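*Asks:* Model the full assembly from the supplied sequences, consistent with the hints where possible.
Here the protein sequences line up with chains A and B, keeping their order. Quick note on this note's numbering: the first sequence kicks off at 1 and runs consecutively. Quick note on this note's numbering: the second sequence kicks off at 1 and runs consecutively.
Hints listed in this document are in silico derivations from the structure and should not be mistaken for laboratory results. In this text the structure is predicted, and so the values were computed from the model without any measurement. Certain hints may be false.
[Claimed, not checked] Which bits of chain A does chain B cover? Going by a derived footprint, with three or more residues having C-beta under 8 Å, they are:
(1) 4 to 18
(2) 65 to 77
(3) 197 to 205
(4) 422 to 429
[To be verified] Calculated lysine-lysine pairs in the DSSO-like style (CA-CA distance at most 27 Å, straight line):
(5) 27/B <-> 203/A
(6) 416/A <-> 27/B
(7) 473/A <-> 463/A
All C-beta atoms, glycine included, are put in the ideal place defined by N, C-alpha and C.
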Amino acid sequence: MEPIHLHKIDYSILIAYVGFVIGIGWMLARYMKTSSDFLTSARSIPTWVTGLAFISANLGALELVGMAASGAKYGIATAHFYWVGAIPAMIFLAVFMMPFYYGSKARSTPEYLKMRFDERVRGLNAVAFAVMTIFASGISMDALSKLLNQLLGWNYNFALLICSGVVLLYVLKGGLTSAIYTEVLQFFMIVLGFAPVVYLGLKDVGGWGAMTHSLQAVAVNPPALGLKDAGITYAPDAWTSAWTPVLAGSEHNPMGVDWFAMIFGLGFVLSFGYWCTNFLVVQRAMAAKNMTAARNTPLVAAVPKMFFPFLVIVPGMIAVALTSMPEKNYRIPPPIVSEENYTKAIDAVKSASPADSVAAVKAVGDALGTKVAADKIASLVAANATSKLSDTQIKQGLYNSIAENYYSGVILSLIKKYCPPGLFGLALTALLASFMSGMAGNVTAFNTVFTYDLYQAYFVKGKSDRHYFITGKVITVVGIILSMGAAYFAKQYDNAMDIIQLVFGFVNAPIFATFLLGMFWKRTTGTGAFLGLFGGIASSALFHSLTIAHGNLPGVKGGYLHLAREFPSEMAQNFWLAAFSFVVCFTLTLLISLATSRTKSDAELKGLVYSLTPKIVDNNIPIYQKPAVVGVILLIVCVILNFIFW
Amino acid sequence: MGLDIRWPIGLMFTLIGALMIGYGVFKAASSTVLVAGQSININLIWGVALLAFGVLMLAGAVRGGKKPPSA
Chain A
1 MEPIHLHKID
11 YSILIAYVGF
21 VIGIGWMLAR
31 YMKTSSDFLT
41 SARSIPTWVT
51 GLAFISANLG
61 ALELVGMAAS
71 GAKYGIATAH
81 FYWVGAIPAM
91 IFLAVFMMPF
101 YYGSKARSTP
111 EYLKMRFDER
121 VRGLNAVAFA
131 VMTIFASGIS
141 MDALSKLLNQ
151 LLGWNYNFAL
161 LICSGVVLLY
171 VLKGGLTSAI
181 YTEVLQFFMI
191 VLGFAPVVYL
201 GLKDVGGWGA
211 MTHSLQAVAV
221 NPPALGLKDA
231 GITYAPDAWT
241 SAWTPVLAGS
251 EHNPMGVDWF
261 AMIFGLGFVL
271 SFGYWCTNFL
281 VVQRAMAAKN
291 MTAARNTPLV
301 AAVPKMFFPF
311 LVIVPGMIAV
321 ALTSMPEKNY
331 RIPPPIVSEE
341 NYTKAIDAVK
351 SASPADSVAA
361 VKAVGDALGT
371 KVAADKIASL
381 VAANATSKLS
391 DTQIKQGLYN
401 SIAENYYSGV
411 ILSLIKKYCP
421 PGLFGLALTA
431 LLASFMSGMA
441 GNVTAFNTVF
451 TYDLYQAYFV
461 KGKSDRHYFI
471 TGKVITVVGI
481 ILSMGAAYFA
491 KQYDNAMDII
501 QLVFGFVNAP
511 IFATFLLGMF
521 WKRTTGTGAF
531 LGLFGGIASS
541 ALFHSLTIAH
551 GNLPGVKGGY
561 LHLAREFPSE
571 MAQNFWLAAF
581 SFVVCFTLTL
591 LISLATSRTK
601 SDAELKGLVY
611 SLTPKIVDNN
621 IPIYQKPAVV
631 GVILLIVCVI
641 LNFIFW
Chain B
1 MGLDIRWPIG
11 LMFTLIGALM
21 IGYGVFKAAS
31 STVLVAGQSI
41 NINLIWGVAL
51 LAFGVLMLAG
61 AVRGGKKPPS
71 A
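*Replies:* As structure tokens, then:
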């Protein structure tokens, strides 16, 4: 795609955002006096801020881009990630788990594990987490630099350096507080930057009803738009109903999952594993100013989270609806093809003879390097033979005839379609903001875990707080440099993203079992937890090596040891892997705990385990602030949303 | 922690809102999109919304009692 020309107004908005973000860091610098201030915000942040930061830390650009892509691929069922997955997990975290995280005064989730179990469990979790955050940060920055390169024509290295530099500036100055405050700024940027695009898109398709109507036609014939392979068809509500197609079975919905994998694999294991234990988000709740604020943080976050599907998933559905309307002159973007390949393909069209369309189609397809729609190529060649088309027209024809969809390009293509200069700058800045905060959030989680859970715990103990304060700053710089390295790694290998997501999945799947048993069963021992977690991660890898998703080849996608089971889709494989791994970890932890003796007494576990901790009495706070009450209300609203889109 | 985040948020959106309103007024032609048969000067309309949001935030910050942070 040709680089877009940004106008002065777009640059002004971008520069304003960057200026404010760095300025916030600068202004907070004077308050950074101890390692606690820098790494954990010393428990001083108001609830609405930690709540919005909580959801914003997770709102990386990969989420924004990915949800629009999934919205196109799977329709409203994508909302399950929110309504079945995230919301219940966030409520559970708020009501049941925050008391232990916050009450234990642990400075990180690995530190909680150390208090509850021992150093081995902490170490395993800390190392896994440290590696994961660096890669997550790197992926974010790679995606951002690629975007700036493709969209604005900036040099990749330059883009990476500048964006990393901006993040470094505000995080180094203001620490976690900087990251949290800019995450709140970023939250508003995203909502206010994307809302007009969604509004214009919905208006363009003719409203929600018209969009639903178009999607019903699409669901019956997805191959026509390149959404699925030939011959596949679904009931009309496959894109517009969240539950019915899933309940009907894995062959009846585009995601290829059954209800059990959805509810247990995604809804329980993966979602609770992420939202309840991942320090990236939990860190924001732990920065709250008191226990009630900490417990309310995930609840405050749950409110906008519930309605986010309309902001991030609906664009994908709009894109599909638009593609099905020929008069709109829009298609889901094809994979990016280099200019030289386009030139080769244009030549192929010009030199093709309309009589031999099969040869023409092959020649053009080879030149482009993608699958092409034979009928569209044939008519393009014929049109060029009758009246000489210009190069631009031929290129447009080629663009429209590529029979592959690059779903990750959907959100950007909608921004380009609807945003005039001005609004374009706003939407682009919103996207940039989310990429940058993806790096900032991960780096602030990394530097805390590294400084406290690795450096202080294993390498250099007993130094003054000033020592760890400076260490925290040094590790911040190191973290950014390592992230840049991870970005280059992701850039080199197309598969890097897949591999990294895979490893996340291996580690994320069993982890919730460890925390669950640790918090709610006092009999769980350190040895049980350690071996259980280790076994859980190993079982993830094993499951992956024995299974494959339909249409994938053995290798990075799995099935390289032996093909024991084929799943209808990658999502199904992931969800079942999670379920399996969770059960293995849970069972191993339970059995090994029973076979080993406890190393900690009841007194030592007070405040760390449910049965040994005095229940929190919520008497002197108004009813609308009581976590349990708010949690129930949110759950009811969530159920209502599920019913509306049944 | 000494900085009421509503100040930077309010200031930034007031500024961006003003920029977009300005563009929407002086470059109305390029600020307009044609959607479903309607011409919408989205920069002007959304600029006003952003400005309103920014002012709301600033009002909250002022009522919060803290003085604007000295640079």
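*Asks:* Decide, hint by hint, whether the structure agrees.
*Replies:* Going through the hints against the structure:
no.	hint	result
1	4 to 18	holds (count 5)
2	65 to 77	violated (count 0)
3	197 to 205	holds (count 3)
4	422 to 429	holds (count 3)
5	27/B <-> 203/A	holds (23 Å)
6	416/A <-> 27/B	holds (18 Å)
7	473/A <-> 463/A	holds (16 Å)
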